[in-house]
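Given chain A, work out where chain B should sit, using these hints.
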Amino acid sequence: MASTTALPTSPARRRRVRWPRFTMAIPAWVWYVVFFVLPILVIVLYSFGYKPPVGSQSSIGLDRLSFENYTNIFSPTFRLTFVATMRVAIIGTLLCLAVGFPLAYFLATKTSPRFRGILLGLVIIPFWTSFLLRTFAWRILLAANGPLSSWLQDVGLINGPFAILDTRGAVQLGVLYNYLPLMVFPLFVALDRLDPALREASKDLGANRLKTFFQVTVPLAMPGIVSGLLLVFIPLAGEYVTPSVLGGAKGLMAGGLVASQFLEALNWALGSAMAVVLVLLILAAVAVFGTVGWIAARLIKRRRRVEVPA
Amino acid sequence: MSTATVPERTIAAPPVHRRRLDWVVGSLRGYAALAYIFLFAPILVVVIYSFNAGRFLINWDHFGTDWYGTAVANRGITGALRTSVVVALVNAVVAVLIGMFAGIALARRSGRWRQPFLILVFLILVAPEIVDAIAYLIFFVRIGIDWGFARLVIGHSVFNSAVVALIVRARLEGLDESLEEAAADLGATPSRTFRQITLPLMLPAVIAGGLLSFTFSLDDVIISSFVTTSGFTTLPVYVFSALRTGLKGDLAAISTITLAGTLIALAVTFFVLRRSGESAEGVVTTITGTG
Chain A
9 MASTTALPTS PARRRRVRWP RFTMAIPAWV WYVVFFVLPI LVIVLYSFGY
59 KPPVGSQSSI GLDRLSFENY TNIFSPTFRL TFVATMRVAI IGTLLCLAVG
109 FPLAYFLATK TSPRFRGILL GLVIIPFWTS FLLRTFAWRI LLAANGPLSS
159 WLQDVGLING PFAILDTRGA VQLGVLYNYL PLMVFPLFVA LDRLDPALRE
209 ASKDLGANRL KTFFQVTVPL AMPGIVSGLL LVFIPLAGEY VTPSVLGGAK
259 GLMAGGLVAS QFLEALNWAL GSAMAVVLVL LILAAVAVFG TVGWIAARLI
309 KRRRRVEVPA
Chain B
5 MSTATVPERT IAAPPVHRRR LDWVVGSLRG YAALAYIFLF APILVVVIYS
55 FNAGRFLINW DHFGTDWYGT AVANRGITGA LRTSVVVALV NAVVAVLIGM
105 FAGIALARRS GRWRQPFLIL VFLILVAPEI VDAIAYLIFF VRIGIDWGFA
155 RLVIGHSVFN SAVVALIVRA RLEGLDESLE EAAADLGATP SRTFRQITLP
205 LMLPAVIAGG LLSFTFSLDD VIISSFVTTS GFTTLPVYVF SALRTGLKGD
255 LAAISTITLA GTLIALAVTF FVLRRSGESA EGVVTTITGT G
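Keeping their order, the protein sequence lines are chains A and B. Counted the way our numbering counts, the first sequence spans residues 9 to 318. Counted the way our numbering counts, the second sequence spans residues 5 to 295.
Next up, chain A with everything else stripped away, as it sits in the complex (with noise of 0.2 Å):
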């Protein structure tokens, strides 16, 4: 820590005996640079080269590098993964926020505060528990011969059995009930610094409440929709675990498609290219989709700007 030899004197001087700005960041840059910048770097590298032959002592060969691995992923077979987990990753997104946004929006406004802390707990209480049995507990949830299945039938919700297991749609599910809290929260909290007589007086000045929802509340939560969306949607392009219990064969990810090559066909240079093209894939969606949101709320306030007479 810091030295004792603080010099004395005016306090104004010791006061600057102070260590460089970024000194204290120094262990985190090492370790980040370390253990997360060079691996990233050496996946690069790595998805250039090539499977070496059958018996060879290496994993990777890196003597000649090409972009055959690149022109591989184009192929049908992983092109129709990668298009396929960018389709779950959106649906899951946008579920996420149509399912959280409500559930959010009472926590913050609806809510004593008395309970809200405990309310907010419980939204978190389940990320608290094995990420891996709650998912597979989907499988006894959603299992055709299962209680649920056989109770909705009994009822009548329902004409046949469930058949979801092992699909997408099992897959989407799942996706929604893990990422579920990662949208409530940053939602919450956007919510929650919003001051309630804004609202009051978007009422006042005659609006009805959808009017307010839609040209005040929205608006102002706009930054924490905006995070919501990063946090869910970018884990969720990636996910491997949670089509891997649920999806079977037919839900496989792209995530899942990159473990499989390093875990079993052991070509780690294609599982290498695989986990750049993912990346960039999930940029290039968060580019377009930033892009299209900020034209549209700039369109959106042009046509609702109100001259204020000076």
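It should be emphasised that the hints constitute simulated quantities derived from the structure, not laboratory data. Honestly, I wouldn't trust all of these hints.
Stretch by stretch, here's where chain A covers chain B in the computed footprint (C-beta under 8 Å, at least three residues) [claimed, not checked]: (1) 99-111; (2) 140-151; (3) 162-174; (4) 223-235; (5) 243-249; (6) 261-269.
Quick reminder that beta carbons are idealized off the backbone N, C-alpha and C, glycines included.
Same frame as chain A, now just chain B:
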């Protein structure tokens, strides 16, 4: 839906009354109840099915606590649980030490380094875990770190320390720096100022960050299953490989036990933080790092 508002708006009832009969609040309440059922149903299933005495977890057979005995007696499971806990603890210490100082620096030392650092932290937080996992695997093989324990701790600590850094930063930015300056003005050395002023002030954030790091690490599947070596199987890795052959009740039993343990730890943290004067909501946002 919109038709329901019409009569309500024409009766110019005082706002207080209207509130009590409000259909929006009512339906939001019902909705929230459904959402909580959705969130808790699988957990309830795990707890209930841990008392399923049948051979496989997925089919309910009859009630029994047999699997609890089996789980506790299974060396593979208890060993994996022990590995998980030890890795999670060491990872939490590493993550707190690295993240705490980074957080202080972010909150208290402005400068040109801050922007790139924040971008790096952001990238760490959003990188898909599967990409991290293969990156660590390749990297550890490449530079020859073969010790599974170190691989797990390092693999978990990168993400977790970034979380700690952001929580500590948020906490310190909400606090006036003048307290630290006053201590310095009154003659405290920097290390004393740190120990007696800065550290106590950011303690809730440090506890929260440590707790989060611990739980993230304890429940991590992806990075762990890629970097682990034989002899260092964590519980999630054990469960993940057991999934392929069909889960049995022992794993539901051990999960129920750890759930009970986690809830107790959370309750204790909650009350400790509350005693230190935080509001319930503040505690939750601190614990989750969203504050």
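Name the hints, by number, that the structure is in violation of.
Per hint list: zero violations.
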